[in-house]
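J.: The residues making up each chain are set out below.
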Amino acid sequence: MTMQHMRVRIGPATFDIRSPFRAPVEAARRLYAEYPQGSDDEIFDFAVAAVPTVWWRRWYRRSMTFRADYMMEDIVPIEERLGLLGFEMAVNMQMALGYRRDIVLHAASAAQGDRAIIIVGDSGAGKSTLSALLSYSAGWRHLGDELALIAMDDPITLKPYPRPIGLKNQSIAVMRERVDGSRFGPELTGTMKGTVRHLLPPAGAIANMDVPARPALIVSPHFAEGVAPRTEQMSQSEAYMRLSVASTNQLQLGEPGFDTLIRLVREVPAYDLHYSDSEDALKLVADLWAKAG
Amino acid sequence: MANETETPEGTSIDAEENARVASRRRVLKLGAIAVPAVATLSPSMAMANNGGGAAVSMMACQVRIPSRIDADGDVVPDNAHVFRQGGHWVYKKDPNSKQKTRVFRVGSNFSYSGQQIKDATAGGVINPPAGVGRHKFEAHVRYMQHVRSGNVPGAGLSCLVSLTNSLNVANI
Amino acid sequence: MSGARYIPARADLRVEPLEDLTLVFHRLSGETHILSPEMEMMFSHLPDAGIHPAGLLRTLETEYGAVEAEDGDALAVISQRLEELAALGLVIRAA
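Residue numbers (the working numbering), protein chains in the order written: chain A, 1 to 293; chain B, 294 to 465; chain C, 466 to 560.
These aren't lab readings, by the way, just hints derived from the structure by calculation. Given the structure is predicted, the values throughout are model-derived calculations rather than measurements. Just so it is clear, CB atoms sit at the ideal spot from N, CA and C, and this is done for glycine as well. Fair warning: there could be bad hints in the mix.
Unchecked claim - Computed footprint of chain B on chain C; a stretch qualifies when at least three of its residues, placed anywhere within it, have a C-beta under 8 Å from a C-beta of chain B:
id	region
1	491-502
2	541-555
What the hints assert, rightly or not - Below, simulated DSSO-like cross-link-like pairs (lysine-lysine); rule was C-alpha separation at most 27 Å, straight line:
id	chain 1	residue 1	chain 2	residue 2
3	B	K386	B	K322
4	B	K391	B	K429
5	B	K411	A	K193
6	B	K429	B	K411
7	A	K193	B	K391
8	A	K283	A	K168
The task is simple: from the sequences and hints, build the whole structure.
T.: This is how it looks when you write it as structure tokens:
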């Protein structure tokens, strides 16, 4: 069988994406057209393959399953039309579980100048939306919507990992009002997370993906209907615990991982944000950012 | 500080001595034996599920269950008339039919942890968590299956995604 | 007399007090322990040569004047806490 494949570099990692299914590889090629494309003789960090669930599924009721070095055992097979989503999930999984050069945080991040905000929180708390709003409505440089890479250097820096922003459900309309349709990937309906649509970061974010920034503010968004906007500062140890648990590899990184997180929570203030409206969220961030000066 | 105005020369010594006496008089209160005094973040715990910290937080995640779920795993609408019959809560799911469907009620902030769900559905067999009846738990599993397949907007989706296999339970 | 002596395993540890709680990184296990203020206070009062629970109680009484436990027996709480620290490898229990 002929394998379709492509290489793409996102921040510090190069991925090889391959499949006997033509459509999802082509969808990935379109989505990643603005990213540096690796060449075939280059070394890549992670390979991700989409293969038929069973051999005849290549032709009949096509569905695929994903193969890569790092996978959760219980990822379900995916219909062919959702292949792009599967690639995105598998690529994230490689970074989350396999990448070891920096601390990988389950967090969004954005920068103004050389100073950055880290947005931590569970899936569904509003990370992706808030980071998309910051970069498209408030002039921030998008660093990433899902994984933040914290270099264990002194001073601590954040490496951009600006993959396409995975917007879900209501957030798609929120961003569609503000951003031209050409920046969006195809609409993927009926996924495990509802409707998903990828939004490319602004071109500048992709062009500057090798330019690090220094963390200056940590926020944890909590979106809930009808709550009054407010912020609460976290204690240092609470921030430490939240970040350690939000990291997919910090506990495996030994003393350097411990040392970096300790320095981070000592140097950078962390807040919980409560809001019911994206404009309020932007305002809370702007106020805290001014204070973090 | 009141000392300062009265005897400026002796101030620093007095203040120091006062502080020392005060600290000696302090009673150190220790907590009860049973209260844990150390929390541990362990790399082995994180590795156990092939998933780094992500797996831990997924296992520690919560799936919230709406307060009224029927036997099919559907959310009972707010305006539905739920009443008692034969010792069970029931309602007419289809107002034009005589058929009644059983309703399972829980408190307003009821949730399962990822670990509870994993344990309760291990090996494709339902073994409800302590304090939850079999029929109620089966209804809740059906509800989670609906949420997972994207038919219902619900809390804790990322948690459910990580538990996908656990919810493929036979015989319900 | 009162059984075991407890020696802090300071060479294996990196202790980092934050504003509110103290974190301890244990190099041998790679574990991070978050100590309650009470636990931190006991740990920081362990002399390098080690001490018996009764000795630690005396040290704390000298420092604070009186030591009381919520459920009555301060010595029992101190013994228990030292055992917890030993189980985690933060102190070594010498016979």
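J.: Give a verdict on every hint.
T.: To see whether the hints hold, each was checked on the structure:
no., hint, verdict
1, 491-502, "holds (count 8)"
2, 541-555, "holds (count 8)"
3, B:K386 with B:K322, "violated, 58 Å"
4, B:K391 with B:K429, "holds, 23 Å"
5, B:K411 with A:K193, "holds, 20 Å"
6, B:K429 with B:K411, "holds, 17 Å"
7, A:K193 with B:K391, "violated, 36 Å"
8, A:K283 with A:K168, "holds, 22 Å"
Of the numbered hints stated above, those contradicted by the structure are hints 3 and 7, listed in ascending order.
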